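Those protein sequences? They're chains A and B, same order as listed. Numbering follows my numbering, with no gaps: position 136 of the first sequence is 136. Each position in the second sequence, counted from 1, maps to that position plus 478 in my numbering.
Quick partial rundown of chain A residues pointing at chain B, CB under 7 Å, derived from the structure: (1) Gln427; (2) Phe429; (3) Leu430; (4) Gly435; (5) Ile436; (6) Phe449.
Hint data in this document are derived by calculation from the structure and do not stem from the laboratory. None of the values given here were measured: they were computed from a predicted structure. Every residue gets a Cβ at the ideal spot worked out from N, C-alpha and C, and that includes glycine.
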Amino acid sequence: MSDVIDDYVKTEYAAGFVTDIESETLPPGLNEDVIRFISAKKNEPDWLLEWRLKAFTNFQTMQEPNWAHLKYEKIDLSDVSFYSAPKSADDAPKSLDEVDPELIETYNKLGIPLHEQEMLAGVAVDVVFDSVSVATTFKEKLAEAGVIFCPISEAVHAHPEIIKKYLGSVVPQKDNYFAALNSAVFSDGSFVYIPKGVRCPMELSTYFRINEAKTGQFERTLIIADEGSHVSYLEGCTAPMRDENQLHAAVVELVALGDAEIKYSTVQNWYPGDENGVGGIYNFVTKRGICHQNAKISWTQVETGSAITWKYPSVILRGDNSVGEFYSVALTRNFQQADTGTKMIHLGKNTKSTIISKGISAGKSQNAYRGLVRMSPRADGARNYTQCDSLLIGDRCGAHTFPYIESKHPNAIIEHEATTSKVSDDQLFLCQQRGIEPEKAVSMIVNGFCKEVFKELPMEFAVEAGKLLEVSLEGSVG
Amino acid sequence: MLSINNLHAKVEEKAILKGISLEVKPGEIHAIMGPNGSGKSTLGYALSGREGYQATDGSATLDGKDLLSLDADERAKLGLFLAFQYPVEIPGVSNMEFLKTSVDATREYQNKPALDAVNFMKRAREKCKAVNLDQNFLKRGVNEGFSGGEKKRNEIMQMMMLEPKVCILDETDSGLDIDALQVVADGVNACRSPERSFVIVTHYQRLLDYIVPDYVHVLSDGKIIRSGGKELALELEDKGYSWIEQH
Numbered sequence: 001m002s003d004v005i006d007d008y009v010k011t012e013y014a015a016g017f018v019t020d021i022e023s024e025t026l027p028p029g030l031n032e033d034v035i036r037f038i039s040a041k042k043n044e045p046d047w048l049l050e051w052r053l054k055a056f057t058n059f060q061t062m063q064e065p066n067w068a069h070l071k072y073e074k075i076d077l078s079d080v081s082f083y084s085a086p087k088s089a090d091d092a093p094k095s096l097d098e099v100d101p102e103l104i105e106t107y108n109k110l111g112i113p114l115h116e117q118e119m120l121a122g123v124a125v126d127v128v129f130d131s132v133s134v135a136t137t138f139k140e141k142l143a144e145a146g147v148i149f150c151p152i153s154e155a156v157h158a159h160p161e162i163i164k165k166y167l168g169s170v171v172p173q174k175d176n177y178f179a180a181l182n183s184a185v186f187s188d189g190s191f192v193y194i195p196k197g198v199r200c201p202m203e204l205s206t207y208f209r210i211n212e213a214k215t216g217q218f219e220r221t222l223i224i225a226d227e228g229s230h231v232s233y234l235e236g237c238t239a240p241m242r243d244e245n246q247l248h249a250a251v252v253e254l255v256a257l258g259d260a261e262i263k264y265s266t267v268q269n270w271y272p273g274d275e276n277g278v279g280g281i282y283n284f285v286t287k288r289g290i291c292h293q294n295a296k297i298s299w300t301q302v303e304t305g306s307a308i309t310w311k312y313p314s315v316i317l318r319g320d321n322s323v324g325e326f327y328s329v330a331l332t333r334n335f336q337q338a339d340t341g342t343k344m345i346h347l348g349k350n351t352k353s354t355i356i357s358k359g360i361s362a363g364k365s366q367n368a369y370r371g372l373v374r375m376s377p378r379a380d381g382a383r384n385y386t387q388c389d390s391l392l393i394g395d396r397c398g399a400h401t402f403p404y405i406e407s408k409h410p411n412a413i414i415e416h417e418a419t420t421s422k423v424s425d426d427q428l429f430l431c432q433q434r435g436i437e438p439e440k441a442v443s444m445i446v447n448g449f450c451k452e453v454f455k456e457l458p459m460e461f462a463v464e465a466g467k468l469l470e471v472s473l474e475g476s477v478g
Numbered sequence: 479m480l481s482i483n484n485l486h487a488k489v490e491e492k493a494i495l496k497g498i499s500l501e502v503k504p505g506e507i508h509a510i511m512g513p514n515g516s517g518k519s520t521l522g523y524a525l526s527g528r529e530g531y532q533a534t535d536g537s538a539t540l541d542g543k544d545l546l547s548l549d550a551d552e553r554a555k556l557g558l559f560l561a562f563q564y565p566v567e568i569p570g571v572s573n574m575e576f577l578k579t580s581v582d583a584t585r586e587y588q589n590k591p592a593l594d595a596v597n598f599m600k601r602a603r604e605k606c607k608a609v610n611l612d613q614n615f616l617k618r619g620v621n622e623g624f625s626g627g628e629k630k631r632n633e634i635m636q637m638m639m640l641e642p643k644v645c646i647l648d649e650t651d652s653g654l655d656i657d658a659l660q661v662v663a664d665g666v667n668a669c670r671s672p673e674r675s676f677v678i679v680t681h682y683q684r685l686l687d688y689i690v691p692d693y694v695h696v697l698s699d700g701k702i703i704r705s706g707g708k709e710l711a712l713e714l715e716d717k718g719y720s721w722i723e724q725h
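I would like the entire structure built from these sequences, with the hints used as guidance.
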């Protein structure tokens, strides 16, 4: 196997360019040659290859973290393929009409036809089909406003100065095991730049899909909101049925410069494994944003998918008066496990953060909130409010809360509230006695529980999220 | 209308109802009285199909349809309404959403045309007024932060919206002050019609001053040990349950 790669790499190096590659999926396994292959495949500049290799060197010295409240077999990276492109990249669809009908069907099931989104909601859709972007819309309208919204692989060539400056600036390569891995092998993802003072004319949206079995997906997203600008970014994910574990390790970096605002919303419903806990996506994500003076970053997530979720969208409140928010709904059922939360790092004066986390556990699932609030010695007048609620459905699931609070400033104010409740027989019976079927009743009760978070979502996402919960809860009664 | 014949029911393997027979005709009001633990609440739960309240023998029909073989939500949609003794809270689900879901499901089941939003709201506001609940209450979570009296009035309001055939009121008077009791009783009386029947489960005679029953039944140890007119309630009030149990 590795001979094949060796041959490739050697050939490429001899030739110095890479137009002649036919294989579109790498055999499993990770080594330096694989990284060279990925980089060459994307025709990347040397500085980026060096950057990847440096990440790989770091990665090799790191251990997979084991502090999370998760139980799973260690991932054998020699089983993972690190690159996969659509079978014939040249035949990639030129418009949404040409996108795989199966993909469209999955969206339809969720009631979010792309065409409607495109036309009615004015959403620019950048569909990531496996690892390569295949469709980008509304580019012109965005260009008019000076907004750059393109695959990061394209931005590397078109805007190298911005990428060089910011790539890895929020999530350093060595930040953690999975971030280092992503830095070494990232496939593609989105790049967004909003110029000074511009309010992005539409909500930016990317749909991800993991398509090929046993292919790791390593998205890399970088969003820069220049001074005084504003952007709302939507990330939604679907995946078809799979019975093999798939590793996903994404990195998302947000930079909100002075007075800028970034709102980042996620609906994640990747394949969670079947009712026996077989298969499902392993989702190890590093998401972090940095706020400069008076800036604001708001994360909203609805996590219903994946066999394992390990995800802590965080905000570094570096500038004075900056604001960080985290609104989360995490639903687990069957044998799903989630360890998710946030970190709010208060560095600047009068910084504020709000954390609202809603965990819902059903079946035999385990759902943990893990959050850090840190007030630095300079964080004069900083405030945090955390509310962390858990809802249990049935008696075989678990809800856990791990709050970490570090305050090094005497006048910082930190509030933490937590509740745990059950969908009670009384509630269910009240609904049924009023003619409401049990499944509808559970979905209504759960939606009510999540209301505070849903209202933070953009309109069309809120509808989708409600539906998603309903679909996800099917069969959790009884 | 509601026809109960030799109904037996158990809760966690313990027999609670030991052969209840009751015939409730359209427009009638029946009061079920009895000491604590006599099976009053169990009767309501067993009829409405609450999980854990298992009918073991006998029959119960509503307009000739067998209730006991149906799921709880189907019994409700057929026109059986239970007003709870302790209405539970459902945080985050607004009364409006709850009522709309409930009314829609019920009307669909009964092959009645769906109420459009305008008519629904109009009716909901009317009913709120009838039980003296502020309209803002429609936006609040179901029973969320309601006082005891508000919760009971909410039950009556739901009853008015759903227009059931048979209403079982399970100790609706408990925890109510005299003013709230009056409002609740007025609501019930306003709902009276020749087509609608009530089964009023109560421990005290007090409620029956406001809602005058056609029949009073005394329940003891899972059986109806005595039936009579409204004067039976007064007699009970005077002499206590032990008097009747000894006879």
